[in-house]
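Protein sequences, first through last, are from chains R and Z. Take my numbering: the last position of the first sequence gets the number 259, and nothing is skipped along the way. Take my numbering: the last position of the second sequence gets the number 543, and nothing is skipped along the way.
Derived from the structure by calculation, the hints contain no laboratory data. A quick note: this is a predicted structure, and the numbers were derived from the prediction, not measured. Wrong hints could be hidden among the right ones.
[As the list claims (entries may be wrong)] Here's a subset of chain R near chain Z, in silico, CB distances under 10 Å, partners left out: (1) F30; (2) G66; (3) L68; (4) T92; (5) F103; (6) L109; (7) L123.
Using N, Cα and C, we set each Cβ at its ideal position, and we do this for glycine too.
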Amino acid sequence: MSKLLLETKELTKTYAMGQFDVHALRSVDLKVNYGDFIAIMGASGSGKTTFMNLLGCLDKPTSGSYLLDDIEVHKMSSEQLTLIRNEKIGFVFQGFYLLARTSALENVELPLLYTKKITSHERKERAMKALETVGIADRASHFPNQLSGGQQQRVAIARAIVNDPSFILADEPTGNLDTRTSIEVMTFFQQLHRQGKTVILVTHEMDIARYANRHITFRDGRVISDKINPNPADAATDLKNMPLPETED
Amino acid sequence: MSFIGIMKIALKSLMRNKTRTFLTMLGIIIGVAAVIAMLAIGQGAQKIVEDQVNSMGTNVIMAYSNFSGTAVRQAAGGGNLITVDDVEAMRELDGLLYATPVYNSWGQLKYEGQNWRGSITGVDADYFFIRNMSIAEGDFFYGSDVENGNKVCVIGKTVADNLFGDIDPIDKVMRIRNIPFTVKGVLTEKGQSVMGNDQDDVVIAPYTTVYQRLLGRHWRVMSVMVSAQSKEQITNLQQEILDLLQARHRGTTSEEFIVSSQTELAETANEVSNTMTILLASIAGISLLVGGIGIMNIMLVSVSERIKEIGIRMAVGAGKSDVLMQFVIEAVSISIMGGIIGIILGASAAHIAGNAMDWNIVVTPWSIALSVGFSMAIGIFFGWYPAKKAANLNLIDALRYE
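Just chain R, with the same shape it has in the complex (with noise of 0.2 Å):
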């Protein structure tokens, strides 16, 4: 039996919108353990974002619980939500959210510069590993509009490692690729998951959740199935078998 990651009870999220309340989220009780490979599905509208922002701590609840690694995170300020975001929860976003002009290096530095003291040297070692992980360590010079959608969100990803987080948090990754790019960046989901990093993406295609091992579906603001994927595909053999493309880059 794995160990408990996170675990929300009754998971709740109103917006007041002039007259009316929007419920976004009704009562979602959720566990994941260490090590899951979890996607995320539903329509626009299910509550899959507010239930994201709610796990990835950017958000607070309107009533229920959210315990991350045993903290009762729904019980904190904003300053410590930060400080778990920080050390938690890596985000990889569907705009890739990379700071313009600003190298790939050093956007991966990002998380560390509001981390407890490292040195600048220690920093850079650990940006340079991440990038290596998903491949990119040649590009770590580059500004963000001088990579392809794939290398910016690779670039992306290993920021969201490079502090060694709980877990990964990945809100619609592939959104803004094509399919060829978009597996490219699943086996790096994929190759992550299988290091024993726990991944929570939400999609709304299944093209891209059956990589995963859980597959976890809202409506309306409710969980409505929660299966376990027996046979996830496997991504690095779907690029194998894709036909080659023309140019890259």
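Mind docking chain Z on chain R? Use the hints.
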């Protein structure tokens, strides 16, 4: 996160936008440069006045007849002209240290082939003490020279150079309006006065000699120069001199004599230059303020165009205080760097202006401290609001901002 770390981040983001950073800085640069230059020029003017007043002598009081207004008619009759006897009477006053009559004249100076036109001052030997004069070569003339009306004189450096050149002027006989005078000494150099007068272009001779030999019959107007024993006695002595003059010249009013002191002169001059300094500095200060508003303006633009960046930073672990600090430091860096460049620019401008006008320009440490402090305060003051705005952004909104 460490302060130095945030500072690095702030400086890096400034470097990413060099042109904008520089243009923002320009407002502060001009403001600080203006303040520094204006204060330096103002201080320089004040120092000149002080030096000037000090070069006049110590605790000096001057008395002369007032020829303006109604007094003119009486002056023509000679009723209120100050006389040598008046000076002798003054010597008895309490608190008076030295006193001398002063006759001023102009004339042709000659030595062998050389010609020079200079001012001739006829005084008592006390004059040298009143004016703190010292001798570079030779000797002063003394009371006995004055009593006997000896044809001796002491000359300034300019006169010595122009008339004698390489020749040692001591004991040589020069001609003042064709009357032979023996040069007894050359004065130590004093330099130019604030009005651009050469204080070394002088010939000083016993007043008795000047009066008898050099003055025309109709121009025997005399002024008096007196020194008080101490600074505290100046005001008192001034009044006593005025009373004495009125008592000795019957029927005259206090308006017919002017008794002024060095301190009065210094105070008036200082007041004028102070007012000017304050006026100039406040105009410069306003431009500094405008520069500060420029910083706020740019910082606000910068915050709204970097909402996404702020969101990303916050998502990966930057706290509100980190974001606040980053933007405050950016603003303060702009203002301090602007301040430093402004100081350099202002000081050099002041020096160039000083050289052009032959003024002694003083950039005081406190004016530098004031500028740096002020520009830092402006950075914090005008940077705070945009920084606060950045720090208070909603994380999710900032992150999703397109």
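Do the hints match the structure? See the list:
Of the supplied interface hints, the one on F30(R) is violated, with its beta-carbon coming no nearer than about 20 Å to a beta-carbon of chain Z, more than 10 Å. Interface hint at G66(R): satisfied, since its Cβ lies 8 Å from the closest Cβ of chain Z, which is below the 10 Å cut-off. Interface hint status for L68(R): upheld, as the beta-carbon distance to the closest one in chain Z is roughly 5 Å, under 10 Å. Taking 10 Å as the C-beta contact cut-off toward chain Z, the hint placing T92(R) at the interface holds, the least distance being around 4 Å.
The restraint placing F103(R) at the interface with chain Z holds, with a minimum CB-CB distance near 8 Å, inside the 10 Å limit. Interface hint at L109(R): satisfied, since its Cβ lies 6 Å from the closest Cβ of chain Z, which is below the 10 Å cut-off. With 10 Å as the threshold, the beta carbon of L123(R) comes within range of chain Z, its nearest partner Cβ sitting at about 6 Å, so the hint holds.
Against the hints set out earlier in the document, a violation occurs for number 1 only.
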